[in-house]
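Asker: Take these sequences, add in the hints, and give me the full structure.
Those protein sequence lines, which keep their order, are chains A and B.
For what it's worth, the working numbering labels the leading residue of the first sequence as 1, then goes sequentially.
For what it's worth, the working numbering labels the leading residue of the second sequence as 1, then goes sequentially.
None of these hints come from the bench; they were simulated from the model.
As the structure is a prediction and not an experimental result, all values here were calculated from the model.
Check each hint, because a few of them may be wrong.
Computed from the model, here is a short list of chain A residues facing chain B with C-beta under 8 Å [stated by the list, open to error]: (1) E120; (2) R127; (3) W133; (4) E134; (5) S231.
No residue lacks a Cβ here, since even glycine has one placed at the ideal position from N, Cα and C.
The chain contents come next:
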Amino acid sequence: MGKIGIIGVGQTPFVRGYPGSIRELAFDGFKDAMGDAQISAKDIDASIICSAPEYDKQRSPAGVFAEYLGLTPQPTFYLESLCSSSSMGVRTAYALVKSGLHDVVVVIGFQKMSEISSAESQERMGRGADIQWESPFGTMMPAYYAMYARGHMEKYGTTPDDLALIRVKAATYGQINEKAVYRKPVNFEMFSDPDNAMSGPVASPLRVGDCCANADGSSCVIVASEEKAKSFSKKPVWILGLGSASTAVNMAGRDLFSGLTVAQQAGEQAYKMAGISAKDVDVAEVHDCFTIAELMAYENLGFAKPGEGKELIKGKETYKEGSIPVNVDGGLLSKGHPIGATGGSQIRTIVLQLRGEAGDMQVKDPEIGLVHNIGGVGLYGNVTVLGR
Amino acid sequence: MGKKIREVDDRFKKFGTVSFTSITKINDFVDYLEKGQVVGTKCKDCGLSFFPARADCYQCLSSNMEWFEVSGTGKLITYSKLEYAPVGFGDDLPYAIALLDYGDYKVFGRLAPDLSEDEISVGMEMTTVVNQLPNGQMNYVFQKA
Ligand SMILES: [Zn+2]
Chain A
1 MGKIGIIGVG QTPFVRGYPG SIRELAFDGF KDAMGDAQIS AKDIDASIIC SAPEYDKQRS
61 PAGVFAEYLG LTPQPTFYLE SLCSSSSMGV RTAYALVKSG LHDVVVVIGF QKMSEISSAE
121 SQERMGRGAD IQWESPFGTM MPAYYAMYAR GHMEKYGTTP DDLALIRVKA ATYGQINEKA
181 VYRKPVNFEM FSDPDNAMSG PVASPLRVGD CCANADGSSC VIVASEEKAK SFSKKPVWIL
241 GLGSASTAVN MAGRDLFSGL TVAQQAGEQA YKMAGISAKD VDVAEVHDCF TIAELMAYEN
301 LGFAKPGEGK ELIKGKETYK EGSIPVNVDG GLLSKGHPIG ATGGSQIRTI VLQLRGEAGD
361 MQVKDPEIGL VHNIGGVGLY GNVTVLGR
Chain B
1 MGKKIREVDD RFKKFGTVSF TSITKINDFV DYLEKGQVVG TKCKDCGLSF FPARADCYQC
61 LSSNMEWFEV SGTGKLITYS KLEYAPVGFG DDLPYAIALL DYGDYKVFGR LAPDLSEDEI
121 SVGMEMTTVV NQLPNGQMNY VFQKA
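Answerer: Below, the structure is given as structure tokens:
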């Protein structure tokens, strides 16, 4: 059987307070990808709708979206793996096409977080952890990742200053990404200025500047068989490798606190399937929901040895001109993190990079790109390797 | 006359500042808390120990479990002090969540509220003790050994 390609990508701008309903939000991302692919709804055989549940009043959004987007009577279903939902959607689309069941499958990720307050949102996300045994202690995502940050600092001597450098890089590219929610510059000195919001404590050792921005948004990725990809698209991007893993939901069930096992495992699987190694990756999008998450990703994906991730950012190796550019679209930190839409947006960035259409963010002539998308606190890990 | 009220064993709703689970097969966990004991379960068929407690063993699929008490000391693996809290936990601020390593198992919980920051260091030995919360709920916290 042949290769599987991506023939269209799209996303809405990531914003605070999208002025519309979730079906309208999905429409905007879908329209962007359909314009990119230059196909019509009748060319699509099935749709997969991805988000993290409980942010919306609407139950089972798949049927609602399919009707609104003109994708009935084709099959549609809802899929979730928290923040990695739309990467899992693309993995599932790959399987549906590879099996021969469908030729073209559209994956739509969305999240409208602004319907609820920030504290309510933290509570929802906290319940993506173990609600029986950990949520009753008052957990939230920044505190869990902070536990990993402290684990990394204790083991390897990583410092809060190292993490601040990652935020500075994210803001460098967020400023030039018109889809980003956070367009302002961030400089290193802000983290040591007690009057600056960036330095404010959230969950020690993480500060405000270490945390990504909540946002509303949708993304869309159109996956097709080799034959359809070649007939519809002048520049299809091929899915070369897929990796996916899970682990214990509760921290007590884990053994590693300076990295994410799901990222290591998903990365190894994706490299093996693609027949490449870390050094072959020309551009990457990693799940920087917090600065420490990007630092751990460097190490878990093999861009740096364990404990040496900080040297990559200190040497600016993950900037656009560096040896392994990472998150040169602003990442979750500046572009924003509308949970269910995030994986699709990361894939869109890499597809545009590989097509040479990333504008001011374009890395020089990349051939292989990688997407690392994590769900929950390292509960789910998806790695996708793409190539021209 | 009147409707028959079905007895519901929802003891677990007492666990934590806010409990998100009320009915579970390991509700006796709360009775042990009330006696001042923090307990996990051990599979009687294959011997695997679990903390947090489970009604069912994934290794041999047995549901034949016995309770064991979390005793002695565990090493502090990591922790984080929260300056913000999710809905329902604001009155507890500031508090720190933490993880102890007991060797055969690990325990996730909170650091004792009276511990000052300079008393805390990763690797220190700590004990797990039952804690009464101001709102009448119960949890457990870690104290210096
Ligand atoms: Zn067993």
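Asker: Run every hint past the structure and note whether it holds.
Answerer: Do the hints match the structure? See the list:
| no. | hint | verdict |
| --- | --- | --- |
| 1 | E120 | 5 Å, holds |
| 2 | R127 | 7 Å, holds |
| 3 | W133 | 4 Å, holds |
| 4 | E134 | 6 Å, holds |
| 5 | S231 | 48 Å, violated |
Checked against the numbered hints listed earlier, the structure breaks hint 5 alone; every other hint is satisfied.
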